[in-house]
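Asks: Could you use the hints to bring the two separately framed chains together as a complex?
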Amino acid sequence: MFQYVVRRTLGSIPTLFVLAAITFFMMRVAPGDPFSGNRRLTPEVLANLRRAFNLDLPLWEQFWRYIWGVLHFDFGPSIKNRDYSVSELIGIGFPTSLEVGMWAMLVAAIIGIALGIAGALRRNTSVDYSVGAIAMVGLAIPIFVIGPVAQSYFGLHLRWLPISGWGDSWTYRILPVLTLALPNIAYISRLMRGSMIEIMRTNYVRTARAKGLGERRTILRHALKGALLPVVAYLGPATAITITGSIVVEQIFSIPGIGRYFVDAAINRDYPLVMGVTLFYGSIVIFANLLTDIVRGLLDPKVSYE
Amino acid sequence: MPSTPMSGDVLSEARATNAAAPILSVRDLSVRFKLPQGAVTAVDRVSFDLHRGEVVGIVGESGSGKSQILLSLMGLLASNGSATGSARFENTEILGRTAKELDGIRGSAMSMIFQDPMTSLNPYMRVSDQLTEVLMVHQGKSQREALGIAIDLLDRVRIPEARRRIGLYPHEFSGGMRQRVMIAMALLCRPSLLFADEPTTALDVTVQAQILELLGELARDLDAAVAIVTHDLGVIARLCDRVIVLYGGRIMEQGTLDEIFYDPRHPYTKGLLASTPRLDERTHGELLTIPGQPRAAMGDLPGCPFSPRCALRTAPCDSAMPPLVADAGGRRLACHNSPLEDRRP
Ligand SMILES: Nc1ncnc2c1ncn2[C@@H]1O[C@H](COP(=O)(O)OP(=O)(O)OP(=O)(O)O)[C@@H](O)[C@H]1O
Ligand SMILES: [Mg+2]
Numbered sequence: 061m062f063q064y065v066v067r068r069t070l071g072s073i074p075t076l077f078v079l080a081a082i083t084f085f086m087m088r089v090a091p092g093d094p095f096s097g098n099r100r101l102t103p104e105v106l107a108n109l110r111r112a113f114n115l116d117l118p119l120w121e122q123f124w125r126y127i128w129g130v131l132h133f134d135f136g137p138s139i140k141n142r143d144y145s146v147s148e149l150i151g152i153g154f155p156t157s158l159e160v161g162m163w164a165m166l167v168a169a170i171i172g173i174a175l176g177i178a179g180a181l182r183r184n185t186s187v188d189y190s191v192g193a194i195a196m197v198g199l200a201i202p203i204f205v206i207g208p209v210a211q212s213y214f215g216l217h218l219r220w221l222p223i224s225g226w227g228d229s230w231t232y233r234i235l236p237v238l239t240l241a242l243p244n245i246a247y248i249s250r251l252m253r254g255s256m257i258e259i260m261r262t263n264y265v266r267t268a269r270a271k272g273l274g275e276r277r278t279i280l281r282h283a284l285k286g287a288l289l290p291v292v293a294y295l296g297p298a299t300a301i302t303i304t305g306s307i308v309v310e311q312i313f314s315i316p317g318i319g320r321y322f323v324d325a326a327i328n329r330d331y332p333l334v335m336g337v338t339l340f341y342g343s344i345v346i347f348a349n350l351l352t353d354i355v356r357g358l359l360d361p362k363v364s365y366e
Numbered sequence: 042m043p044s045t046p047m048s049g050d051v052l053s054e055a056r057a058t059n060a061a062a063p064i065l066s067v068r069d070l071s072v073r074f075k076l077p078q079g080a081v082t083a084v085d086r087v088s089f090d091l092h093r094g095e096v097v098g099i100v101g102e103s104g105s106g107k108s109q110i111l112l113s114l115m116g117l118l119a120s121n122g123s124a125t126g127s128a129r130f131e132n133t134e135i136l137g138r139t140a141k142e143l144d145g146i147r148g149s150a151m152s153m154i155f156q157d158p159m160t161s162l163n164p165y166m167r168v169s170d171q172l173t174e175v176l177m178v179h180q181g182k183s184q185r186e187a188l189g190i191a192i193d194l195l196d197r198v199r200i201p202e203a204r205r206r207i208g209l210y211p212h213e214f215s216g217g218m219r220q221r222v223m224i225a226m227a228l229l230c231r232p233s234l235l236f237a238d239e240p241t242t243a244l245d246v247t248v249q250a251q252i253l254e255l256l257g258e259l260a261r262d263l264d265a266a267v268a269i270v271t272h273d274l275g276v277i278a279r280l281c282d283r284v285i286v287l288y289g290g291r292i293m294e295q296g297t298l299d300e301i302f303y304d305p306r307h308p309y310t311k312g313l314l315a316s317t318p319r320l321d322e323r324t325h326g327e328l329l330t331i332p333g334q335p336r337a338a339m340g341d342l343p344g345c346p347f348s349p350r351c352a353l354r355t356a357p358c359d360s361a362m363p364p365l366v367a368d369a370g371g372r373r374l375a376c377h378n379s380p381l382e383d384r385r386p
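Keeping their order, the protein sequence lines are chains A and B. This note's numbering applies: residue 61 is where the first sequence begins, and numbers increase by one. This note's numbering applies: residue 42 is where the second sequence begins, and numbers increase by one.
Chain B extracted, bound-state conformation (with noise of 0.2 Å):
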């Protein structure tokens, strides 16, 4: 739990906060994949803290490994990928273990919300079937009183008419709807850490808002920590205190979100945040894209993964990783050309 701050000052309250043991540290994870034709490194030595009470946004475009980096912590990696690293949540180390260590912490003090609705709801079992399991297996709950604390989370999720539509089938909800199916199994057993992977992005942008609206509404009441992968900067404005940055597999940057959305240091983070249109500014004709293909995850290339691409590029990015460096308030950036000393006044 997180020490009481002295004062009533809220920035101390947040200092107090971070300050408190992380729930989830996460050190040098990686994450490989065999295939035919060699290993592939889809993650690379990332190292980050989750605390009690934030939400943290991971961002980064297709294929930089976010989804993969949520997957190995929850034991769920394709069978031909393995994690090598160090994860600790509330003290123990959750890498590495077998699935049946992992079950007793998946699916309650841990859990995860996936990103496509229509296919990760089992189509063959009732919702209420799907809900109350995990309150049986998890707290040895009755059916009955399984069924009563479902049916109270679905009004929570504001499903309308929740004690008849539990009993429905998946495919007789919409997208939306499921999604908030989706959001009240995770919270079943009031998990201390969540993970959303783009928990909107089948989702039509009408219901996005709402969705995200609800999902940060749930997180707080529950002093959750949470990590929410994304490509959708809209997202992480939405929801996030924190962004970690990731491109290749790497952290790039990470700070807070005002320092990530109106001081972004990486030329990548610059480039993503130019490639997306704001409604705060406007955008003469077409948008910015980054020029360039992302670098395809194969192999381990020295240099920085985003040197073909950046503009600032120089003889080092191509021969070495810039390291990743922190500043004292625990911002972070990796990158040769730019400066990590604060500008401001």
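Same shape as in the complex, but just chain A (with noise of 0.2 Å):
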């Protein structure tokens, strides 16, 4: 297990390269840099800039020397804002992004299975239909929709939750982390609904029922871990795209994560930053996976950790 944590890990290193590769060369072929929006610089100004941050070096080398860095765990300094390392910034922003995406990902995982429960064994009845109305929902309206009718809706009509912010008050969290749950909801349920209506219909749900052991055990017992399968499957990869920070939500809302510094970033063209921001996506994305397989393997016993 532990080996295997490990071969995984260094396993993911060269992902992380080309990830690295790829967006640092694409960010350079596309046109302009981090200063040529700004015209009331004089060229000597501009000269000296980019040769402060060492863009007037061959992209061979400002490569390497960027991969060095990071081997050094140094992401650079971040172009616009000035007084702040990469690794600062994300810092600063990651525990909002996580924390709004952790809350987001628990509702709808406790919501969305308990939904899709509910709709398979009591298949085609108004439960069913109701869980499933609430899926479509959820999936066909985008979040820029559902984000601004629940903020004008339980914001300024009904006055019960600030609109936007940030601040310790949990009344903040709510609407941001339903607007991000709603859609996974949505999925989870849809996806454990179908599993669930497949197990029911194996053979070994047939036996327990033939062993008398009650409806409640035969479902808790025997049913249950083969249809979280799929679930925890795709929980992995949502969780680590949700907790890197919605840059949609995080825009509705204002709320200060790292999706905000990642659009920024991207539109002001700071290199160091979209790369830092980037690797940082990658690694989440990663160890979610990780940790999605040996979830697994706890459920099911054939997958073995080789």
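If you're looking for bench data, these hints aren't it; they were derived computationally from the structure. Incorrect hints may have been included.
Among the chain B residues that face chain A by a calculated CB cut under 10 Å, a handful are [what the hints assert, rightly or not]:
| hint | residue |
| --- | --- |
| 1 | F155 |
| 2 | E174 |
| 3 | N378 |
| 4 | L381 |
Ideal Cβ positions, reconstructed from N, Cα and C, are used throughout, including at glycine.
Replies: Below, the structure written as structure tokens:
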């Protein structure tokens, strides 16, 4: 198990390297640079600035310098946010994104799984159809519609919750968490319903019934584990994406997470920040996949850590 | 309990056993499935009795309704299926009961061994948990007690190193070993009624014989009534005291093993026997097969379901289902054109 984790971690290094290379060169192929939008700079100042950030060096050399820095956990300074390093900016933004994302996925997993099971066990009843309707809404309406609608209803009209912003009170968390959770609730409930229906038809669930174990035990001990496997496989990557900051939700609710930095960085061609956030995203996704595989191994004895 | 016979004479003992009240009494059992294009009858007014200590074989080709008979008695029909008629187990009606009501006897007094040991055991649970839960649920045993009983039973079904292997998952067993686990699982609570649906079909030929022998031995020890479903007459010959021949969801013929094997009366039974290779007979070249296709179990056609394939077919065969008539010895036959009277001296 420990060996497996080490092996997978080492195995992810080439992946991250390729990710870094692709991002680096794609960014440079695109026209413009961090200072090109600024008309007031004289050519001399511009040249000095470029030299200060090593942008005058050959591309290959810049790339190797960057990788060399990363190997020493130095992601460079942010070009736009002068007083901060990339690591500091990620350190400032990530806890907020993590908080919103984790809550959203927790809510989505619990509600989605529960709704999915209810739909599967009460198949073709009003329960099932209601769950299906919720899922349709969650999947069909994009976040950039749900967010503002929720803001204007719960924030402006009812005045129950703050419209946007971020403070210590939990009331700031509710709308962004629910907005982020809704599409996941929809997707997870569909996934869970489908896999539960399939499992309830298997021979081994029939065996459990033949053993007279009772419906509760049959579902909880015999059906649930197998039915959860596809959901777990989805939850890992989905959580990685959600906790690294939903760009849209952070914009809508003015949440100071890293999703916002990423957008700003991309627009401003803040090369080190884009690179840093991308590699950070990549690592989180890889970590989440590893975690998913470990959990799947715990659920499914046929998966071995070889 | 069967009454003790007055004399030690084997024949009268057999009669006494048969005369005792059956443990399971099935009357006019029909199983229908609702489908978008209409209702399908899979089992059509089937009646039979099972007594303690006897093994009854239900034989018929694929789709004849064998499995559905057992599943309906276990309350395990698919959600679009329903059973009508009556089935009394130890004098209690078990047909039309809710799952909850059946759970008192399913897995304890009445249990079932399924065809495919690869898929019928839960791949995500240790064999130990799958065995002990039966004893814990039905008999309130502690985990430790239950584990002890389960290990003993795995020993009995001859799984080597049972104490160690019980902690494994099903995929770590071979097919034959898995079927032994299934058998042990069905016998944990010492059932008085045991159903087996093609218990050896999925196994290697060499393993089949061992499993059948084991099954027969354990059933005898328990003095249970056993119904074994198969399309393999070899299985019947090895294990059964009585045989029910099913075709198109109906009983065509029923008798003792000797009656069915050495004196078959129904054209279908004869065809079935002729199409089975036998070790004691030299078949020249290809095997005999019954011409024609089995009738699909669609709708309720009048007449005998076998008539389209029957060599003895006459006009009444297509218009009226022949009644299932019984002789004094309990032998039964449903055919317009074959006599039931004993031709033997
Ligand atoms: N859920 C269902 N819906 C509709 N028809 C069904 C359903 N289940 C079984 N049947 C039909 O019932 C009939 C009898 O099926 P059954 O499983 O009892 O056959 P069998 O004799 O056990 O055959 P086999 O040897 O292939 O197992 C078949 O024609 C089958 O198509
Ligand atoms: Mg069958």
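Asks: Hint by hint, say whether it matches the structure.
Replies: Verification of the supplied hints:
| no. | hint | result |
| --- | --- | --- |
| 1 | F155 | 6 Å, holds |
| 2 | E174 | 6 Å, holds |
| 3 | N378 | 40 Å, violated |
| 4 | L381 | 37 Å, violated |
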